[in-house]
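So the chains spell out like this:
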Amino acid sequence: MEKTEPTGEELYDLAKRIFPIYRSITGKGVRETLAVLKNVWNGLQIHEIASGEKVFDWTVPMEWDIEEAYIEDENGTKIVDFEENNLHVVGYSEPVDRWVEREELLSYVHTQPDQPDAIPYVTSYYAKRYGFCMTENMKNQLKPGRYHMVIRSRFSKGCMNWGEILIEGDMREEICFSTNICHPGLGNNETSGPVVLIHLAKWISCIRDRRYTYRFLFLPETIGSIAYLSQNLEHMKKHIRAGFVVTCVGDDNHYSYVESRKGDSLSDRVLKHVLKWHCPAFQSYSFLKRGSDERQYCAPGVDLPFCVFCRSKFHEYKEYHTSKDDLNFISADGLKNSLIVLQKTVSVLEKNRKYKTRILCEPQLGRRGLYPTLSQKNTYADAKTIQNFTAYADGCDDLIAVCEKIRQPAVHMLPIVDRLLKEKIIEVAEN
Amino acid sequence: MEKTEPTGEELYDLAKRIFPIYRSITGKGVRETLAVLKNVWNGLQIHEIASGEKVFDWTVPMEWDIEEAYIEDENGTKIVDFEENNLHVVGYSEPVDRWVEREELLSYVHTQPDQPDAIPYVTSYYAKRYGFCMTENMKNQLKPGRYHMVIRSRFSKGCMNWGEILIEGDMREEICFSTNICHPGLGNNETSGPVVLIHLAKWISCIRDRRYTYRFLFLPETIGSIAYLSQNLEHMKKHIRAGFVVTCVGDDNHYSYVESRKGDSLSDRVLKHVLKWHCPAFQSYSFLKRGSDERQYCAPGVDLPFCVFCRSKFHEYKEYHTSKDDLNFISADGLKNSLIVLQKTVSVLEKNRKYKTRILCEPQLGRRGLYPTLSQKNTYADAKTIQNFTAYADGCDDLIAVCEKIRQPAVHMLPIVDRLLKEKIIEVAEN
Amino acid sequence: MEKTEPTGEELYDLAKRIFPIYRSITGKGVRETLAVLKNVWNGLQIHEIASGEKVFDWTVPMEWDIEEAYIEDENGTKIVDFEENNLHVVGYSEPVDRWVEREELLSYVHTQPDQPDAIPYVTSYYAKRYGFCMTENMKNQLKPGRYHMVIRSRFSKGCMNWGEILIEGDMREEICFSTNICHPGLGNNETSGPVVLIHLAKWISCIRDRRYTYRFLFLPETIGSIAYLSQNLEHMKKHIRAGFVVTCVGDDNHYSYVESRKGDSLSDRVLKHVLKWHCPAFQSYSFLKRGSDERQYCAPGVDLPFCVFCRSKFHEYKEYHTSKDDLNFISADGLKNSLIVLQKTVSVLEKNRKYKTRILCEPQLGRRGLYPTLSQKNTYADAKTIQNFTAYADGCDDLIAVCEKIRQPAVHMLPIVDRLLKEKIIEVAEN
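Chains as they are written, first to last, in our numbering: chain R, 1 to 431; chain G, 1 to 431; chain L, 1 to 431.
In isolation and in its complexed conformation, chain R is listed as follows (with noise of 0.2 Å):
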């Protein structure tokens, strides 16, 4: 078996490949980063739909791609240029070859006031425009004179294109997870999400005995996941029982989670449990916060159970949606322990049965050698957890909210719940 543990530098080592290419939600950007996250697993499927086609209330947008952007002075001295940065050009701008004034010139020009040196990130999808994004410093240093504002930029019927895992278990039951690949350089809103989740589908391929099928999309933000289920609604209500979003997961900071609109779905259930042991301070969201494709999920009539995994939370941190979330802003550690809590988010998920006592009373547990024979107080502490769980596992409540009821950590009761099955003390009451 070929090792599917990677270290927190492979995995930074694939965001820093992944950084540079520039991205828009259509464009050869798209597919190039697909191609770097298909080197990393071979399982990865390359999908498209055509430019103008309907899906359901929006239409996929022409493809655009960019040569070059800059603006000049009448030195020709290039004051930003999309070489240096890609932000600098407002994302699906028209193309422009024009000299003016300083005045008009700055009605081109978006800079984030309160962070002045922060070039933001700036998107036109939906209207016909164009623009440049400076810092705030940068901005207030141009002097009067002609500037040329130049964009290389074309837009050609063409196609948005996806990549799509699926990875068959013993069950149709499928667990998804999602995330964008529309985002140029930005680091932690999004590289990170899709270098952890191609290493996460890596990883659930080398799981013996799978019982669920997962899928996996790496999607250009709201018009993808639009585009994709206008595909597959059918197909996705019927077999999703747990989905995530994965965004903003490359940083070391807190944990964050984004609730489904319905809040008790088996997707909340499951990462709020795992993130409760895993890091107690984790920060929780109502679907009022959300902001990334589990608005289309969890839309009226969509109704699908998915909620959001996130370290700093998109429109929570400083950084984000400016220059200041780059390869700095996100780490080794931060990627890795990501993945960790996923990895556990789906060992517990396989296990998440209901589970039934099947002895009646307490069983006799000491003669299988999982209770003290000596009977003194205080001296029970490591027989109790086996004890909690057989009393409390009635048939009713599944694994995960046992766990909650007997204040364990899940995590820790998988080597248990299999010793209990082996002994017959427990089985399987309902999958």
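If you're looking for bench data, these hints aren't it; they were derived computationally from the structure.
Treat each hint with caution, since some may be false.
Claimed, not checked - Restraint-style ranges between C-beta atoms, simulated for each label pair:
1. Val428/L / Ser286/G: 25 to 35 Å
2. Ala401/R / Asp264/G: 21 to 31 Å
3. Lys424/G / Ser284/R: 33 to 43 Å
4. Ala401/R / Lys384/L: 39 to 49 Å
What the hints assert, rightly or not - Pulled a few chain L residues facing chain R out of the computed Cβ check, cut under 7 Å:
5. Gly52
6. Phe56
7. Asp57
8. Trp58
9. Tyr126
10. Ile226
11. Leu229
12. Arg295
13. Gln296
14. Ala299
15. Pro300
16. Val302
Just so you know, even glycine gets a beta-carbon here, dropped at the ideal spot from N, CA and C.
Add chains G and L to chain R, keeping to what the hints say.
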């Protein structure tokens, strides 16, 4: 269309006309009061039930009228006189004309010792007696000697009256408002209720495309609502969807709400929601703190969905049921703001339906001019409310429930709901 | 009718008779104890099950009796002697007669190091061994040299015994009380339980018009309840409506309650309600803190509605399972007040039915002498409880639930309920 928005001063002027009329549960005071109200809005119908009629566990009392009542001393000086303040006589007193020593007189005198300068409001509807009310200070100044107690009252087989307004809407489902017209010279409890409700009725009669039918009741407290229920219970159980006892709504202190017995009816939900956004510091009371006609509407077997709306609640303010609850205790602003709360309540009820987003996945708000076309962080504030509404409008929750979830006042959502209906983004899932 | 209300002193005298009898899970100590209890009330039946019988996952152990047990030094001085304190021998020890060096002796000696002057209570029912218990102080004074370990005990194929009382009522539905008779010289755990329950049984036998049938069990802990359940489970599941494990009820500290596994059974509701009003500071424990026969009664598949009533709860007081839990730890007042709590519990259960107000709208309490006829504010206090009861008695909530809502102790409502039934203001809606 006639002007339907009265000023606070108009409300207060009406209170000044009603306040001095001497009322009891039966008699000409009730009829005179109803006549004044009918003058404000002609839709008011006046009903009667004969003395001696059995109404559930009770009997309609004799009609009672009073000509004069006073205590005079040996010099012929009137110590207290009903002409001066109609609280000086115990309501529903038998006639009397006796000279007594001070000691005996005192056994017929009621005061409020903890408020020595207030005359208490005292009645004895269900046991025959007579008596006088005065301030504790006045009682303490009574010198030894003989006193003449005179009450010229008369019981007669007549009737008990009440007022009723029915304003029909598109549906037979009803919203009911109920107040009392049996209290004599008391401002908040109860000149304010009839004043606010007659103007609310007038205002509702001018709502276009009214969905609900509205019923207003102006009743003698307790026996009036029992009599009304004994005649109309079946109809009310079938049609009433929400009901409000409106009492003590004239002062300008905090707002109060008393929950229905079950606490979760439509009336509870809408009034709590409206008050929370109108004035978050409103005071909420358990049904254990009931005291007006909700005692009948919510009784076991009656089970109508009534809660109570007040400003300073009965039993909870010092001036309650004393001469201090007079025209100075209430105000133009107090009456007007109470009317506004009830208007908001009606407006929300009219649109409180289950809405469902018609579009799978998020609607493309941008091309409908409902969303900014340029995506940069922190630019979405205005559009967020629309997005939240469409993300939660799943056809299961009604408007109030969705607004609770998205933390928006339903009153502010009303024009947005109209716009979304017009854009065919949402539809009514159910009445 | 014989006197059925024992004084605290009578309860304590019974404890003094039972305390010195040496008990184990089998053997003559159990039979002697049951004989003393039967002497208090003749309704007690004594049952037996043969050694070696399979009961669910367990086997009834051999009968064990002990004649003497001691350690003597080379001078023939007895270091510890079973005659002096029956905790000195490990319960269910094998016989032994050996001279050993001090070092070897220590491997057979158990102490409670954190309580150096207490002898711990130690047993080894399910693994063959022998041993002695002494204080940590005594152990530290043992000089080097040889010691004679003597235990004259005997295992024999005999039986295990328990006591049972059945007091029939009008209904076959049962209330069950269960305690233990297997602990040797310990006061709170467990001389107190049998003392309180035998007197509770005697008191219940004198209740006129008893509705429920009552069952009392005096069992060896764990194996006793398992054996009993293995013979009676079907009957118990069909008939038991509420059950109480009564243990550690002799001291005069706070009251304790351990919830059933599901936490919302009739036993939980009634005991919590009674304790809240009897002594609001009672201590409430989760089922995770279980430890007595509720472990069997609430096991998955057994699912009987048992909670636990204690004073200082097992495992939660320092003296627990040591020689410090003696006759000084319990008191006449402690035993008597525990009995009072259980008597209140029975009284409430007997009248805990769903009542329904027979009259639509409020009943006219005045003409029945239940309400003051003069209405002035603050004069209603006494009548308010009656009004609240009739306002909430809707035939859906039982007495306990109504009392929780109107914030009154059910014990105080019992005579009021009788009066309202007699007046035909309420009726029983359902048993």
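Exercise for review: Using Cβ atoms only, decide whether Arg295/L comes closer than 7 Å to chain R, and label the hint accordingly.
Suggested key: 6 Å, holds
Check your understanding: At a threshold of 7 Å, is the proposed contact between Phe56/L and chain R supported by beta-carbon distances?
Key -> 5 Å, holds
**Study point:** Consistency of beta-carbon spacing, Ser286/G to Val428/L, with hint 25 to 35 Å
**Key:** 27 Å, holds
Point to revise | chain R contact restraint for Trp58/L - C-beta distance below 7 Å | key: Constraint on Trp58/L satisfied, holds at 5 Å.
**Study point:** When the least beta-carbon distance from Gly52/L to chain R is tested against 7 Å, hint result
**Key:** 15 Å, violated
Point to revise | Supplied contact hint for Asp57/L, tested at 7 Å Cβ to chain R | key: Result: holds, 5 Å to nearest chain R Cβ.
**Study point:** Minimum beta-carbon distance criterion (7 Å), Leu229/L to chain R
**Key:** It holds, given that the least Cβ distance between Leu229/L and chain R is near 6 Å, below 7 Å.
Point to revise | Interface hint status, Gln296/L versus chain R (Cβ within 7 Å) | key: 5 Å, holds
Review point. When the nearest CB of chain R is found for Ala299/L, is that gap smaller than 7 Å?
Key: Interface hint status for Ala299/L: holds (5 Å vs cutoff 7 Å).
Point to revise | Hint check: 7 Å Cβ-Cβ cutoff, Pro300/L to chain R | key: OK, holds: Pro300/L within 7 Å of chain R, min 4 Å.
Point to revise | Interface hint for Val302/L, Cβ within 7 Å of any Cβ on chain R | key: 6 Å, holds
Check your understanding: So does Lys424/G sit 33 to 43 Å from Ser284/R, Cβ to Cβ?
Key -> Taking Cβ atoms as reference, Lys424/G and Ser284/R lie about 36 Å apart, which means the hint holds.
Hint 5 from the list above is the single one not met by this structure.
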